[in-house]
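These protein sequence lines map, in sequence, to chains A and B. For what it's worth, this note's numbering labels the leading residue of the first sequence as 1, then goes sequentially. For what it's worth, this note's numbering labels the leading residue of the second sequence as 1001, then goes sequentially.
Among the clues, some could well be false.
Said to hold, decoys possible - SDA-like, lysine to any residue: derived pairs with alpha carbons at most 20 Å apart:
1) K1370/B <-> G299/A
2) K1175/B <-> P21/A
3) K1370/B <-> P21/A
4) K149/A <-> L63/A
5) K1219/B <-> E17/A
6) K219/A <-> P1021/B
Said to hold, decoys possible - Covered, in the sense of this in silico footprint (three residues per stretch, anywhere, with C-beta under 8 Å from a C-beta of chain A), are these stretches of chain B:
7) 1008-1021
8) 1143-1152
9) 1210-1218
10) 1231-1245
11) 1280-1287
12) 1389-1403
Claimed, not checked - Reference listing, derived: stretches of chain B covered by chain A, where coverage requires no fewer than 3 residues with Cβ under 8 Å from a Cβ of chain A:
13) 1163-1169
14) 1190-1202
15) 1354-1367
These are calculated hints, taken from the structure and not from any lab test. Idealized CB from N, CA, C, for every residue including glycine.
Protein chains: 2
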Amino acid sequence: MLSPNMLNAEIIAIGSEMLTPFRVDTNSLWLTERLNAMGIDVKLKTIVGDDEARLEEAIRDALRRSEIIISTGGLGPTEDDITRKIFARALKRQLVLNDAILEKIRRRFARRGMQMPEINARQALVINGAKVLENNNGTAPGMLVQEGKCTVVMLPGPPREMMPMFDVSVGPALKQRAADLLIVRRKLSIFGLTESRTDELAAPIYTKYRNPSTTILFKDGQIELHLTARARSENEAGKLLDELAGQLDEALGEYIFSRRDETLEQVVGELFRLNGYSLATAESCTGGLLAGRITDVPGSSDYFLEGVVTYSNEAKMRILGVPKQMIEEYGAVSEQVATAMATGVRQLADSTFGIGVTGIAGPEGGSADKPVGLVYIALADDTQATARRYLFPGDRQFIRMLSVNAALDMLRRRIK
Amino acid sequence: MLSPNMLNAEIIAIGSEMLTPFRVDTNSLWLTERLNAMGIDVKLKTIVGDDEARLEEAIRDALRRSEIIISTGGLGPTEDDITRKIFARALKRQLVLNDAILEKIRRRFARRGMQMPEINARQALVINGAKVLENNNGTAPGMLVQEGKCTVVMLPGPPREMMPMFDVSVGPALKQRAADLLIVRRKLSIFGLTESRTDELAAPIYTKYRNPSTTILFKDGQIELHLTARARSENEAGKLLDELAGQLDEALGEYIFSRRDETLEQVVGELFRLNGYSLATAESCTGGLLAGRITDVPGSSDYFLEGVVTYSNEAKMRILGVPKQMIEEYGAVSEQVATAMATGVRQLADSTFGIGVTGIAGPEGGSADKPVGLVYIALADDTQATARRYLFPGDRQFIRMLSVNAALDMLRRRIK
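Let the sequences and hints guide you as you build the complete structure.
Okay, here's the thing in structure tokens:
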């Protein structure tokens, strides 16, 4: 698998919480993707707690055998945060107080009207000779040390601090070192098929190729096909990916909602924006999650006007004008009520489209007739409304998530 | 941190797929829980692919420093499955073909009407002196080797093979070795303090104790204090935890929202239910996420009546009765409008409480006067309304999440 032209990296995740049954290291997945894209192979991952001897041994081993070491975590202000100290020890370098960083941390607290707690001064200690990596989203700066042939990078643990720091400071530095073979990945995002049906359609195609290789991933009710090409240039990799992706496109067609790693809500938002449409939502079982996903997209206020969460029947009647008789005759979870919700909220907001979701997310509230997982989703414009019935598996959270995905996909298919 | 009475384990996960961006090692979480319950501490985890040199080094390091080594994966029949070979090498023992296992694998294939592929014979190779661990759910047997003071256990990677094998064969063997100590954990969930401020308040207390030990975790804008007690009985551990938790309670008091691993929305839901109160929400920048979190709790329909997501100013005026003049004078993101939203939605729903959230989640829409991250949250009952101003750091997602947390915490504090 490994090309001799590729650089070797290893990742050390530092934090006792990842040695409990509760928490897994996910930073390394993101880092691996970034490193692979630069032609750098991840050969080993170590997860260690606030255990000085074991961390030091892990660093020494890594220094001996790897060309790039990336650590995450342990840069906080507390006693447990041993990264700075132990890397300095393993590298046989001193820790030096950096006044500029200290001042920056002080100012960061001051901006929020707080005084810097004294323990945060620790975060201004820098390994001698290290390049300081600015942290615009937290107090702990990162560090980059060149030790012989080995590039050592220390990053903070919180993803929202670690990720931008890598992209701004570490990526460009590593790219200069990286080799002439690179890995390029493409992701096809799929909704509306089961995992096995996807494989039935896709396997006869992708098994013909060793490069790109293909991995199928089931995630949050959606399916991802990851295509991985190895080539000497982006261009060459792009051609390899185009060929395979083109054939998968033919087989999976409308089920593919993105070829560019977009979320369903981003795709839907783009369609609304392009067409100048507007949207209003009426939710029952999803309780606001649909509106929440739609408004996750920056600028969604351009097309999302308003949403209502009509959890009680009284609210469905009063706000949306769902007839009391309809609820009594068909029940709140019915095609009729979903349609009335969609129509009602569209009229209320005077939007191009209205969407209504009503269902039973459980664990209580199901019956033989209307089991947990039964969900109706309706879509209305100014001339008509259509509803669809779903029966989703899983627990409350999963049913709510699948309902939101199905509603977004209904919008996507309608406008497309 | 380490009690001398506890045994130390490390876990080695073997498999190249866990060095891709797509797959994480979750076996170790399950194993950690099992080991902890027997009073065995997990001190390090290594994740390695089909890389002989690195695996051998990981095993040698582990043999030197740990009392128990558990590996998962790499016991399959292909070239890539190097676990048997490299453990034998690191242990300086021979691999011996075990005829009984070979026969068993042959029969397993025969039962499914197949002939054993020749490569599967590899799976009948056993390290000299190892105890063979039967696999009732697959072809690869596990192994247990006692090497000096170190117990070495090799388990297959698939959870449905690994888990029963551990419970049937490994658990009982380790229990004999394990000290008669067990680990009991407790979690204190905190909102409204920074990580460093929490540590300033808590460290003078928890650093006095080596047992229980304390870990601070920052997660989704909340803070978790994990207390871990080691004792000879649940009862004894409970007493140790009570003593430390009691002191932390005094120091952190109202900032602790749960001592039983509940979410903020569960705590709030419980308070609403106990008091027979009802709730309605009016959201702008959080776009439905607050209602979504509240309705994540099963049975929330007992107290959550309805929510509105008034993203446009027009909707704020029409649905909630926010005066146009107020928006023009103070802006949609203001204490006045938040208060009007809370009051308006409470009246609309005729609920005990109404809560209103308006802010600038970004990335666009900020100004010098009203920067990205500025959020007002107001809480109204039938006699009064109070609003609070927040300035949250981070990106759009983080600001929205912190806003939801702050709104939930405002409800908690009000009702408590």
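>> Of all the hints numbered above, which does this structure not satisfy? Sort the numbers upward.
In response: 3, 8, 10, 13
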